[in-house]
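Spelled out from the first residue to the last, the chains are:
2 protein chains.
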Amino acid sequence: MVEDSPEYLQKRAFYDSLLTIYGRKPVLEALEDLSLPVHKLHLARSNRRDHLIARMEQLATERQVEIAHWDRKGLSRISKNARQDQGVALDLALPHYGTAEAFLQQLPEKPCELLALDGITNPQNLGMIIRSACAGGMDGIILPKKGCAQMDPLVIKASTGTAFKMRLLRCEKLAPILAKFREQGARICGLSSHARDTLAGLDGRQPTVFVLGNETRGVSDDVAGQCTQLLRIPMQNGVESLNVAVTAALIGFRRQT
Amino acid sequence: MVEDSPEYLQKRAFYDSLLTIYGRKPVLEALEDLSLPVHKLHLARSNRRDHLIARMEQLATERQVEIAHWDRKGLSRISKNARQDQGVALDLALPHYGTAEAFLQQLPEKPCELLALDGITNPQNLGMIIRSACAGGMDGIILPKKGCAQMDPLVIKASTGTAFKMRLLRCEKLAPILAKFREQGARICGLSSHARDTLAGLDGRQPTVFVLGNETRGVSDDVAGQCTQLLRIPMQNGVESLNVAVTAALIGFRRQT
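Sequence order for the protein chains is A and B.
Numbers given in my numbering equal positions in the first sequence, counted from 1, plus 4.
Numbers given in my numbering equal positions in the second sequence, counted from 1, plus 4.
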């Protein structure tokens, strides 16, 4: 296939939309959720065939989902987490899941608001950010592979099901993709407790990416270099910082509460 | 002493203001924080006198804080948590810490806004609620002994230091104290995803208690019976609930973001 043929691009978009989850509980729950578009179930041949595995096979068969069997090494190449996959992985074909690059090429007409995560390493926080952003109506979350927690069972659990609803935009590193969003006319707002301007003072409706940094270290230098402005959330009682999922909620809900 | 003599009431107010924390790390950190009014250090005689214990004794001596030594049983009566106290407890005399009853008797002139917690059993969530409420400028948190997590090392850690700044109002059970707040003219607003009215629609400036229920079960029936109104926070994308600390933040920050 030629690299820019429509057929190739379509296939690539499909594979970019795959989110591979692992672990017996998350996989079983996803198979039971008929609203989730399941692509393929992966099982290790070394699995003891207990009732959980039997139930997964039964659900996959009922849903006409392909089942692939692998040796332990093959499965760990798919789950990318041999220590925690428990011999089970599942590909979800989520229409909302893709790359930041692809999103940039089809920027929506209406001014969108995205979060971008920089150094969010705690899976619990990542899950709660997804939950807050989803409830607050953010249009997507840019999640770099470098320096951030990735979609694993802990994140999915902490997101209370919203991980499968939220538009997640993957990229390798954050700074270069933010540069591209800038070129497309988006403003890049870094949240920082040292900023002069406040979140509440932000007006106008233009595409906006809000960058959330690590709770201890804040936004990293190379990412701060891509920000068009820095914003703070004024805090009472000398409190210095908010939980990052709380910050995500205050951004998402700021127009309605 | 007579039960209603000024001397008795003063003493009682002092003892009500004591927050006893335990565990080596929290106690050492509190002793190192010169902004915290420390009342008394309690040590088990069975403690091995390692460098941490020596450092605590040194700090207490420098700060002219009384040190009491106890057998294991005596110490666990003070910490109320023999399994986690690690042979160490510390009384803090926090001017902001007291009972909901005492607060009711001296209601501030300006319309105050309080949180009341109903069935918040997760220490991580309790700590994050305190942090959010403190940063959002809430005037206090009503924390019942029944059915809620209590101030322990996990809570203090999750509060990132705000547990010592926030006004915490203890009570035995929540419903009876809410009834008294009602009698004093406060409105009692239960947060519920099934409510018709929204948080954003709440207006007027009168004393208000916002009741946060358990994330799974919501506000309990006897507490709901004391609510003068129920409020919801509208959510996008079919999300059904928010993390309770996120809800606390949206309440506290609703006037400024």
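Calculated directly from the structure, the hints in this document are not laboratory data.
It is possible that part of the hints are untrue.
[Unchecked claim] Here are the simulated lysine to aspartate or glutamate pairs, DMTMM-like style, with alpha carbons at most 25 Å apart:
id, chain 1, residue 1, chain 2, residue 2
1, A, K184, A, E244
2, B, K114, B, D207
3, B, K149, B, E7
4, A, K150, A, D54
5, A, K161, B, D207
6, B, K29, A, E244
7, B, K161, A, D75
8, A, K161, B, E11
9, B, K150, B, E176
10, A, K169, B, E7
11, B, K169, A, D54
12, A, K29, B, E7
13, A, K29, A, D54
14, B, K114, B, D75
15, B, K161, A, D54
16, B, K169, A, E244
17, B, K44, B, E11
18, A, K169, B, E11
19, B, K15, B, D54
**OP:** Output the numbers, in ascending order, of every earlier hint that fails for this structure.
**Re:** 1, 4, 5, 7, 8, 10, 11, 12, 14, 15, 18 and 19
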